[in-house]
Amino acid sequence: MRNLNLAALVASPEARLAVIAVVVFAVMSALSPDRFLSVQNLTSMAFQFPEFAILSLAMLLTMLTGGIDLSVVGIANLSAIVAALLLTAFAGPEATGGAAVLWLAVALLAALAVGAVAGLFNGVAIAVFGLPPILATLGSGLIFTGIAVALTGGSALMGFPGVVAFLGNGTVLGVPAPLILFALLAAGMAWLLGRTAFGLRVQMYGANPLAARFAAMDVTGLLIRVYLLSGMLGALAGMVVMSRANSAKADYGSSYLLLAVLIAVLGGVNPYGGYGRVIGVVLAVLTMQFLSSGLNMLGVSNFARELIWGGLLIFVMIVNTRLVYRPRAAAKPGPSA
Amino acid sequence: MSSSHAMPLISIDGVTKTYAGITALDDVGLTIGAGEAVCLAGENGSGKSTLIKILAGVERPDRGRIGFAGVEQGPLNPRLSAAAGVMVIFQDFSLFPNLSVAENIAFSASLASHRRLFRRSPVRKLALATLNRVGVDLDPDAPVETLSVAHKQLVAICRALACDARLIIMDEPTTALTEREVRVLLDIIRRLKADGVAVLFVSHKLAEVLEVCEKVVVLRNGRKVIEGPAAEFDAASLTRHMTGRDVAETPPDPVPADAPVLLQVRNLTKAGAFEDVTFGLRAGEVLGISGLLGSGRTSLAKALFGLVLPDGGIMTVGDHSVPLGDPLAAARAGIGYVPEDRLTEGLFLMQSILRNVGVGRLDAHSSAGMLDFAALGRDATDWLRRLSVKAPDSAAPVRSLSGGNQQRVVLARWLARNPRLLVLNGPSVGVDVGSKADIHGIIRDLSRRGLGVIVISDDLPELLATCHRILVMKAGRITGEVAGRETTEADLAHRLAS
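Note that the protein sequences, when read in sequence, are chains A and B.
Under our numbering, the first residue of the first sequence is numbered 1, with each subsequent residue one higher.
Under our numbering, the first residue of the second sequence is numbered 1001, with each subsequent residue one higher.
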């Protein structure tokens, strides 16, 4: 009986992940109870993770189709820089009240437009010209970063109206604004994947691209929309980063790419496409944030953390390959059956 | 048991195997003598594959005895089976496409010899000797990927012989072969038998190999239902024993004289695939297109659905011309396509049965982006019921279904879209005999309701049972047309192969 429960638990990646998240939280709390469980640490975590969590949603969407978007960080920075250029040119640090809010809205729309155009570029390269997503977005990410460097000369852009800080540092009824944004986006993504024809098509395409073509699915349009959405999510993440840093720069968040991929894979998303759930990504985000904060408190250096992330990515992929992607191996009857 | 040899090459007795509580083989016994050819017949899921795996040492039986040359064996493994000369030729042949014929033939034998360095001359010598033994003239230096399916099969046979095969087990040996190639295969089997090599044919399409076999064993639901001399069986009795019922195929009703023309194809051409193809199809008509492998029939089928872009030609459905090379436009014009390779082209294997049907109807059931799952589910369930798909749980992955039911899922997906014309490429490939007759019944029913159906197949009895007219393709051109009622299997086979 106990065996059966355990097997059922292991069979669902989300359930397994929930256990892991709780275990990591408990271990970190036990190792450093005063600091990890402090209100200050808990709120600081809630402000930190939405940045890369939004990128992970983009990763979930593209990986569901069996692709990947390695250009999200480039898109995030380029969008933030375009927004920052608008804000510094037309609003400046002294702008307040209605004018400042208006310019923030304009900047946000501009950032989303940049994200959409960049995503469209990826989508056309992948869906129309048939480039492999991993290479297409690797290349386009360099292009976007290059444009961002050219626009800024490589230095940080600063001097925004005070209202810009709200997006990354503000609270609504005590809840951090970026957390609210992420919650809305995650709920929206769950709705998109679970309740719409588009979402179902994305999963079906990821499960078998050839059969999708033979079933008269508009594969080209589907992929373009997927990468366009991914680009727009990247732009939103860029705006959160810009607001929290109160500046925009071409090389912010460079460690977020690996993190976003790791979270998606840890969250049970099948990198070959066809399976992935928002709840898994949310749990993976929490796990990674607990781990990251905990390691920080234990005095583990940033470089060591990258090594840990890389190692974890490979480890999770191996575990998932054995247990999840090939369910037949997991479904083997035990001796007690 | 009825074997004349005192010491049978292979003897199986009381073999039982269960998987997770399901009995795949139940107390099955079988003997094969040296130089004997045995037919092991059964529908999909009858336990044939399990028996092969047990003989090859891949699976271990729960109970039962296995003897090689009279010596009872302990637990088998693939090495032990291979050492005893039991060689399995699977449907995909498991060859190395980039290596030459000679290298493929000698590969396993040189592995077994534990030589660490590769030397060309002994490989060539062994390959030539084996090819000679079989009596086949193949270029030993040709890369295997350039060979036809039939020649690849010959290479696989030679590879088994090069390893001193005593028993060659052939899994579905004839499904990919045209009639002429089957005859070549049978000649080779006769030579092998004269050489003392035993052959076990495992298939659900065995009528063609009966003439070289001594014995027939039929499995149904894991049990041996009958065993006897091959001379006592014919295609009809084999089918009856495999399915446990009589499956009579009647020719289709005639097309009403006033049926309007549904599809017009004019001068459709694609360089290297098909040339100047012109034909028409009336509503309610079932048109067969047949030809040998490489005759261009599959390219033509794909072109009709826009999956292959022709160089030129015109296609009209009703009064509207259909843009070429665009599956979306073809689907909008009311054309549906059921592909040849169900597993890679037709189905989303890991996705649910319901989703596999519903994927064709997403637009009809969504408003403002929101999908009405309940309506989609009702729609799909309705079609699954109408095609009598046996699925206990439509939320289960489609891979859990049998071949026949999987094919019906693909059919249901298209029928739910209410098409005017269905292109069925190999509608019953890999489908068991009982389901095949059911699928033919579905085709007949569709034609009665006024759908145009194009059946592309090299299964001649299937074409005769379903089609009003049959077009014969040769080297990319349509070379003849026969009325389904006015021809026989032998006549059609002759037209294809001549």
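FYI, nobody ran anything at the bench for these hints, they're computed from the structure.
All values derive from a computational prediction rather than experimental measurement.
Each residue gets a CB set at the ideal place from its N, CA and C atoms; glycine is no exception.
It cannot be assumed that every hint is accurate.
Said to hold, decoys possible - For the chain B half of the interface with chain A, some residues (derived, Cβ under 7 Å), not all of them:
#, residue
1, T1344
2, G1346
3, V1359
4, S1366
5, L1371
The hints, checked one at a time:
1. T1344: holds, 6 Å
2. G1346: At about 6 Å, which falls below the 7 Å cut-off, the nearest Cβ of chain A leaves the hint on B:G1346 intact, so it holds.
3. V1359: The hint holds - B:V1359 has a Cβ within 7 Å of chain A, the shortest such distance being about 5 Å.
4. S1366: holds, 4 Å
5. L1371: holds, 5 Å
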